[in-house]
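Chains A and B are the protein sequences, given in the same order.
Take -5 as the starting number for the first sequence in the working numbering and just add one per residue.
Take -5 as the starting number for the second sequence in the working numbering and just add one per residue.
Worth double-checking, as some hints may not be accurate.
Pairs involving identical chains hold if they fit within one copy or between any two copies, as the list cannot separate such chains.
[Claimed, not checked] List of simulated lysine-lysine pairs, DSSO-like, C-alpha gap at most 27 Å:
id, residue 1, residue 2
1, Lys243, Lys137
2, Lys187, Lys243
3, Lys79, Lys187
4, Lys187, Lys116
Hints were generated in silico from the structure; no laboratory data involved.
Just so it is clear, the structure is predicted and the values come from calculations on it, not from any experiment.
2 protein chains.
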Amino acid sequence: MISSRLTIALDIMGGDNGPHVTLPAAVKALQQNSNLFVILCGDENIIGDMLGELDPDLTSRIEIQHCSEHVAMDELPSHALRNKKDSSMRRALERVECGDADACVSAGNTGALLAMAYHVLKTISGIDRPALVSALPTEGHHKLFLLDLGANVNCDSETLFQYAVMGSVLAEEVTGVSFPRVALLNVGEEQIKGNDQVKFTAKLLQDAPGINYTGFVEGNDIFTNCADVVVTDGFVGNIALKACEGLAKLVLEEAKRVSNQNLMTKILAKIALPLLRKIYLRVNPDQYNGASLIGLRGIVVKSHGNASSDAFLYAIKEALQEVHRQVPQKIKDKIESVLMERS
Amino acid sequence: MISSRLTIALDIMGGDNGPHVTLPAAVKALQQNSNLFVILCGDENIIGDMLGELDPDLTSRIEIQHCSEHVAMDELPSHALRNKKDSSMRRALERVECGDADACVSAGNTGALLAMAYHVLKTISGIDRPALVSALPTEGHHKLFLLDLGANVNCDSETLFQYAVMGSVLAEEVTGVSFPRVALLNVGEEQIKGNDQVKFTAKLLQDAPGINYTGFVEGNDIFTNCADVVVTDGFVGNIALKACEGLAKLVLEEAKRVSNQNLMTKILAKIALPLLRKIYLRVNPDQYNGASLIGLRGIVVKSHGNASSDAFLYAIKEALQEVHRQVPQKIKDKIESVLMERS
Chain A
-5 MISSRLTIAL DIMGGDNGPH VTLPAAVKAL QQNSNLFVIL CGDENIIGDM
45 LGELDPDLTS RIEIQHCSEH VAMDELPSHA LRNKKDSSMR RALERVECGD
95 ADACVSAGNT GALLAMAYHV LKTISGIDRP ALVSALPTEG HHKLFLLDLG
145 ANVNCDSETL FQYAVMGSVL AEEVTGVSFP RVALLNVGEE QIKGNDQVKF
195 TAKLLQDAPG INYTGFVEGN DIFTNCADVV VTDGFVGNIA LKACEGLAKL
245 VLEEAKRVSN QNLMTKILAK IALPLLRKIY LRVNPDQYNG ASLIGLRGIV
295 VKSHGNASSD AFLYAIKEAL QEVHRQVPQK IKDKIESVLM ERS
Chain B
-5 MISSRLTIAL DIMGGDNGPH VTLPAAVKAL QQNSNLFVIL CGDENIIGDM
45 LGELDPDLTS RIEIQHCSEH VAMDELPSHA LRNKKDSSMR RALERVECGD
95 ADACVSAGNT GALLAMAYHV LKTISGIDRP ALVSALPTEG HHKLFLLDLG
145 ANVNCDSETL FQYAVMGSVL AEEVTGVSFP RVALLNVGEE QIKGNDQVKF
195 TAKLLQDAPG INYTGFVEGN DIFTNCADVV VTDGFVGNIA LKACEGLAKL
245 VLEEAKRVSN QNLMTKILAK IALPLLRKIY LRVNPDQYNG ASLIGLRGIV
295 VKSHGNASSD AFLYAIKEAL QEVHRQVPQK IKDKIESVLM ERS
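Based on the sequences and whatever the hints tell you, model everything.
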């Protein structure tokens, strides 16, 4: 599919299970994409031991960059930013910044990744703050991009407006939908509903050229085919997505619990559980799909901290897609044209 | 259980299905509570026709208050407040205000109910704005009170502080937990996390006498036994709860969809669906439990717009509980003592 050589820098030490998850995913990605080259950032001894003997074709497409440190999952972002100059996370980002890699993937500490990516890569001109975005599954296997999922918890209307522009570009480039529908998350669909921030953002979007703004949507709409992009601030987006994660977990636990009640429900639950787990995976987008950090002068994909190898592989594929679609360049073009027409 | 006579005013015309849902629930409530008296607010012809012949004991505990209007489900709250003076919703609230009824239950238009209740009943001294609160189910069948669910979308820290006090009283009175754990909803548990509003509220709560403030919790924690009360503003609370509603619906739809794939999944899904529906009901608190409007000088319980008769009956029972526990008086006492100790 993708013809020219692509290079992805991987934070091998990031995530709850580090190289146990990231390395098998890297190897699989190389096997599946003959034009892929990977830079494995992490402890060279661990990586060397765990990789073992590989096919020479794969070995020729691997560079190991030794890093003496890694960012802990519970480390303060400010501490990581100041002190972890030789961490696998930071080095992976730097390889994108200097042009060696086309994108970076990490399953590490989200706050630290946000802080480091912002510091190392900088934002695209016209974009104040990066956003975390993920594609949620909706009815009919449609994709809905929700942002921000927690990169920026103090958003003003101008930032939300920029998020709408970025989301629109991402949806168009990744899913191929032309002129994607962009909606604002609110407590009701009527124009009079909502807080001041969302009402003012609506005004900005109504007047914006080149954005297909369709109005307000409610919380329950994010799992329907109500829009292609739903914009909210990082505080609301993070809490809404995590609440869904909590509910999905409760449903699974509840099914397990009732399975202990009597023989009949035990049998029923045993049969229902695999189905529930399958559904749970599909509706738990954060865990399954990873999230993209957009608005930066480089591509960064965040895989979930407790991602499986399959999920980390999916995050690598997502990064490849974004490279192929030149998402940062497209965002730059779009924001320039929107800002020019507004002024 | 409850010995003295209790009177509940019911908005019979409210909700998607009006008297078809509310009347059977009213009759059941009378049958189950021999000391209950109900004021049925609505169209007397419809109510008379639908009630039909009843046991004289029940008839003697029913008053029908004819109302010439009702508030439409999609009516603007400001319009309803100005124009629907003889609506079933408004009359029910007025019967609480003048002391004829101990509480009011409505499944009608939430925005209109909020506006009318605020206007007719007024807030308790020391409380700026009422809040919508509902008990969520969590692991181990524990109850967690989440507020605000959308009464107030522009909250400042002082309002969130008052919500914490009210939630604490409600949890203590309804569930009997002494010194209930009160947490603030945030994007992380560390003190440095969150937006300015939540950080400042945390400071107010840390210093508050008589409130068992336990810190920040994340979105996924609201379905665990992390706290007895979780406080957030109405914008976040509404969106988080509705997102969960949307996810629960998607899970059900997904189970139905896979049931059409092949014979085996068809059988599996057929077996799993009743279990899923049962779980769905339990984890869809808004629909099942209704929500209380607290902070007012009277008790108002909001049942879901598309509540079933069972759900509306549950809302009546919730109102009876709050009457029995004298929740508004307890909130008044608590906020007075907290404010006195603070000053």
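Consistency of the hints with the structure:
no.: 1; hint: Lys243 / Lys137; in the structure: both (22 Å within a copy, 17 Å between copies)
no.: 2; hint: Lys187 / Lys243; in the structure: between (31 Å within a copy, 24 Å between copies)
no.: 3; hint: Lys79 / Lys187; in the structure: between (46 Å within a copy, 23 Å between copies)
no.: 4; hint: Lys187 / Lys116; in the structure: between (35 Å within a copy, 22 Å between copies)
Checked against the numbered hints given earlier, this structure breaks none of them.
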